[in-house]
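Okay, here's what each chain looks like letter by letter:
Protein chains: 2
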Amino acid sequence: MTPSIARKSSKFRESQIRRLFAEVEKMRARGEDVYFLSAGQPGIPPDEELVEYMMKIVLSGRGKVFRYSPSRGLPTLLEAISRDLKKYGKIDVPSSNILVTTGASEAIYVAILALVKERREAVIFDPTYVIYRDTLEFVGAKIKRIPEHIENEFQPSEEAIREALSNKTSVVIITTPDNPTGRILDESRAKLIVDLAREYDFWIIADEAYKHMVYEGEHLWLSKLDPDRVISINSFSKDAAIPGLRLGYVYGPKRVIRRLEKIRQHITLCPPTLPQYIAEYYLESGIKERYLKKVLPIYRRRRDILFDNLVSGGLIRAFKPPAGMFIFADVRSATEALSSDDRFFAERLLHEMKVSVVPGSSFGEVGRGFIRLSFVSENEERLKIAADKIKEFINKISG
Amino acid sequence: MTPSIARKSSKFRESQIRRLFAEVEKMRARGEDVYFLSAGQPGIPPDEELVEYMMKIVLSGRGKVFRYSPSRGLPTLLEAISRDLKKYGKIDVPSSNILVTTGASEAIYVAILALVKERREAVIFDPTYVIYRDTLEFVGAKIKRIPEHIENEFQPSEEAIREALSNKTSVVIITTPDNPTGRILDESRAKLIVDLAREYDFWIIADEAYKHMVYEGEHLWLSKLDPDRVISINSFSKDAAIPGLRLGYVYGPKRVIRRLEKIRQHITLCPPTLPQYIAEYYLESGIKERYLKKVLPIYRRRRDILFDNLVSGGLIRAFKPPAGMFIFADVRSATEALSSDDRFFAERLLHEMKVSVVPGSSFGEVGRGFIRLSFVSENEERLKIAADKIKEFINKISG
Numbered sequence: 001m002t003p004s005i006a007r008k009s010s011k012f013r014e015s016q017i018r019r020l021f022a023e024v025e026k027m028r029a030r031g032e033d034v035y036f037l038s039a040g041q042p043g044i045p046p047d048e049e050l051v052e053y054m055m056k057i058v059l060s061g062r063g064k065v066f067r068y069s070p071s072r073g074l075p076t077l078l079e080a081i082s083r084d085l086k087k088y089g090k091i092d093v094p095s096s097n098i099l100v101t102t103g104a105s106e107a108i109y110v111a112i113l114a115l116v117k118e119r120r121e122a123v124i125f126d127p128t129y130v131i132y133r134d135t136l137e138f139v140g141a142k143i144k145r146i147p148e149h150i151e152n153e154f155q156p157s158e159e160a161i162r163e164a165l166s167n168k169t170s171v172v173i174i175t176t177p178d179n180p181t182g183r184i185l186d187e188s189r190a191k192l193i194v195d196l197a198r199e200y201d202f203w204i205i206a207d208e209a210y211k212h213m214v215y216e217g218e219h220l221w222l223s224k225l226d227p228d229r230v231i232s233i234n235s236f237s238k239d240a241a242i243p244g245l246r247l248g249y250v251y252g253p254k255r256v257i258r259r260l261e262k263i264r265q266h267i268t269l270c271p272p273t274l275p276q277y278i279a280e281y282y283l284e285s286g287i288k289e290r291y292l293k294k295v296l297p298i299y300r301r302r303r304d305i306l307f308d309n310l311v312s313g314g315l316i317r318a319f320k321p322p323a324g325m326f327i328f329a330d331v332r333s334a335t336e337a338l339s340s341d342d343r344f345f346a347e348r349l350l351h352e353m354k355v356s357v358v359p360g361s362s363f364g365e366v367g368r369g370f371i372r373l374s375f376v377s378e379n380e381e382r383l384k385i386a387a388d389k390i391k392e393f394i395n396k397i398s399g
Numbered sequence: 001m002t003p004s005i006a007r008k009s010s011k012f013r014e015s016q017i018r019r020l021f022a023e024v025e026k027m028r029a030r031g032e033d034v035y036f037l038s039a040g041q042p043g044i045p046p047d048e049e050l051v052e053y054m055m056k057i058v059l060s061g062r063g064k065v066f067r068y069s070p071s072r073g074l075p076t077l078l079e080a081i082s083r084d085l086k087k088y089g090k091i092d093v094p095s096s097n098i099l100v101t102t103g104a105s106e107a108i109y110v111a112i113l114a115l116v117k118e119r120r121e122a123v124i125f126d127p128t129y130v131i132y133r134d135t136l137e138f139v140g141a142k143i144k145r146i147p148e149h150i151e152n153e154f155q156p157s158e159e160a161i162r163e164a165l166s167n168k169t170s171v172v173i174i175t176t177p178d179n180p181t182g183r184i185l186d187e188s189r190a191k192l193i194v195d196l197a198r199e200y201d202f203w204i205i206a207d208e209a210y211k212h213m214v215y216e217g218e219h220l221w222l223s224k225l226d227p228d229r230v231i232s233i234n235s236f237s238k239d240a241a242i243p244g245l246r247l248g249y250v251y252g253p254k255r256v257i258r259r260l261e262k263i264r265q266h267i268t269l270c271p272p273t274l275p276q277y278i279a280e281y282y283l284e285s286g287i288k289e290r291y292l293k294k295v296l297p298i299y300r301r302r303r304d305i306l307f308d309n310l311v312s313g314g315l316i317r318a319f320k321p322p323a324g325m326f327i328f329a330d331v332r333s334a335t336e337a338l339s340s341d342d343r344f345f346a347e348r349l350l351h352e353m354k355v356s357v358v359p360g361s362s363f364g365e366v367g368r369g370f371i372r373l374s375f376v377s378e379n380e381e382r383l384k385i386a387a388d389k390i391k392e393f394i395n396k397i398s399g
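One line per chain: the protein sequences are A and B, in this order.
Each residue of the first sequence is one higher than the one before, counting from 1 in this note's numbering.
Each residue of the second sequence is one higher than the one before, counting from 1 in this note's numbering.
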């Protein structure tokens, strides 16, 4: 007999995205050719010059890249981020208001620990990114959801926003550009949320990891609407295409950032050092501009091809995302024919057709009967084949 | 007006070690020459061949080192760790019982979340590594301390062990080789703790980050005493000298490791990818043996020099550590002369003498009037000067 595990930690459930990732890795190791549409893994490698710089800094700064970093991040990177926010977002964020983190995910985790109060309400959208829910439950928040439907291009209605937010709200988490839907939150709705945040005095966590992955329209910089109330989450995994290096950052009011730094000292001590030098060079050398100019048109074309091929034939309904890395597609006709759910659908699709997608119900109730498909990991030809395979699968199970 | 920060997160206080680290970085940026004895930062760079391999893998495996890793770690690294544990510890740990983490610190954090129950007792030594306490308080545990005194070479007494552990105990955290004292826990005392763990049914978290930094005697592999009850924390920061890459691992019963993996998916998603390839090569290529053979005699000499110079003259009493990276030195004669405490002592020592050490009270009540000095970060000559400066400082303030 051995002791039991702490019940509270059972709030952390297995991420479907991570489970599928491991499953696909295993299938690949067995030599199977899997169409990998289940993760936001950029398919185009990072910029060549960035990789060369990495070699250079490892050689020349041998000592420093292997040493611990200050807990808040390298001062020069903090300053580079501050300049970058000014350049792209036209916002003034002093480096004292920034914390470099181990990916955006650590930023989300420590922000929830710092800002969400026990027994108060935490409001998230439905569907929304999977990682928030379990941590919110772990800190003892009551979760309320603002539904977003495909009929309204995944924009929340004013009524739904007003219904969810109240003086019981502790925090609202806004993801824009969104994961899984790719919608950019409409500015008038964002302003309404900020107005209500002032009225009811709650925090806004803005997950802006996909802020540079915009194909039509413009990113909405939430901190502009209220810098004292918005905590913005950011990543180098998406636009710089270095997710394996695990680097992100968070900015917001200084007293919040100080608290986040103290929490992180107990989890990861400090951000990884080498990736910080690379991120600094990425921001300051002109590589960022050049790289985005190169990859955004490619990802846009991939999106178009996947979207057009999915919806042609009328079996699948989908929202054409103006941003992000995913298409959120409605396959209810097929799951209903199966008398089953999107989980079972995705499971069979992976094993019978070798196409990996994430079941939509992972993202919330509204996602039931949907699947999330990444359009960045595979090339145009393989995306076309994957879409054909999905339709073939639906025809097979519906027939 | 903006909302308040969640009170519970105030349990996470600023780490003195991290604060000093940032302070020293600032002083150095101003051009000041600081004797850096306040962090477990290996002073000898990682092995040359390891660095060359890093270049090679970045070039040849360009795609893969930038991609996300599976959440539990690369399967080949898990297997390499399993073989390494067999080789050095003579223990059988299947790769399914191992989780790769973002430094040992993430392993400690997720282990506490999974194993420590609210309102139950968590037992730690006094003095002990600073990072446990705040997380234990955050999860709502009641902390009990087992004192260890310099008079007994920082070994806990049997009575103190029996007094602290009971059927109210949820977990005990054992650090061996110890930080800050460098003592290796006596085997009979470890066996007593394991016996009590069986009797009262609690978990043992064994922080073995310094397991290879042993100068006299042998590391005590705690998992050997009860593999079903011991969760072992490990690091690549110390023996491989790559703390900036943030890589560690934890092994223990499979069902615990599965829970830890789910928790980590919500904090860091997955361990960093590039460092895992480097760690695998470090373990499998023969570099580890060669590197330890090279650095251990150097660190042993540095320990001897710092120790001898500190205690000569009789102003300072210290324990000569058989392992680890630190000397825990008693400067009570000086703090009493100052009518002050070790914090104030360390603060003045840093600013007046440019020697950074960690105040002993950071590690617990018993540490009051002590300072922790790293003997690995600086070379022999500088360690000698630092010791002289400390004695000069004591003479100055006592005079």
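Don't read these hints as lab results, they were simulated from the structure.
The reader is advised that the hints may include incorrect statements.
No distinction is drawn between identical chains; accordingly, a pair holds when it is met within one copy or between any pair of copies.
To be verified - In the SDA-like style, the derived pairs of lysine to any residue whose C-alpha atoms are separated by at most 20 Å in a straight line are:
id, residue 1, residue 2
1, LYS8, LYS254
2, LYS26, GLY63
3, LYS64, GLU25
4, LYS87, LYS224
5, LYS224, GLU289
6, LYS142, TYR200
Hint check results:
1. LYS8 with LYS254: Answer is between: at 19 Å across copies they meet the 20 Å cutoff, but 31 Å inside does not.
2. LYS26 with GLY63: Classified as between; 18 Å across copies, 36 Å inside a copy.
3. LYS64 with GLU25: between (33 Å within a copy, 12 Å between copies)
4. LYS87 with LYS224: Within one copy only: 14 Å inside, 57 Å across.
5. LYS224 with GLU289: Cα proximity of LYS224 and GLU289: none, with 22 Å in one copy and 55 Å across.
6. LYS142 with TYR200: within (17 Å within a copy, 35 Å between copies)
Violation of the numbered hints given earlier is confined to hint 5; every other hint is satisfied by the structure.
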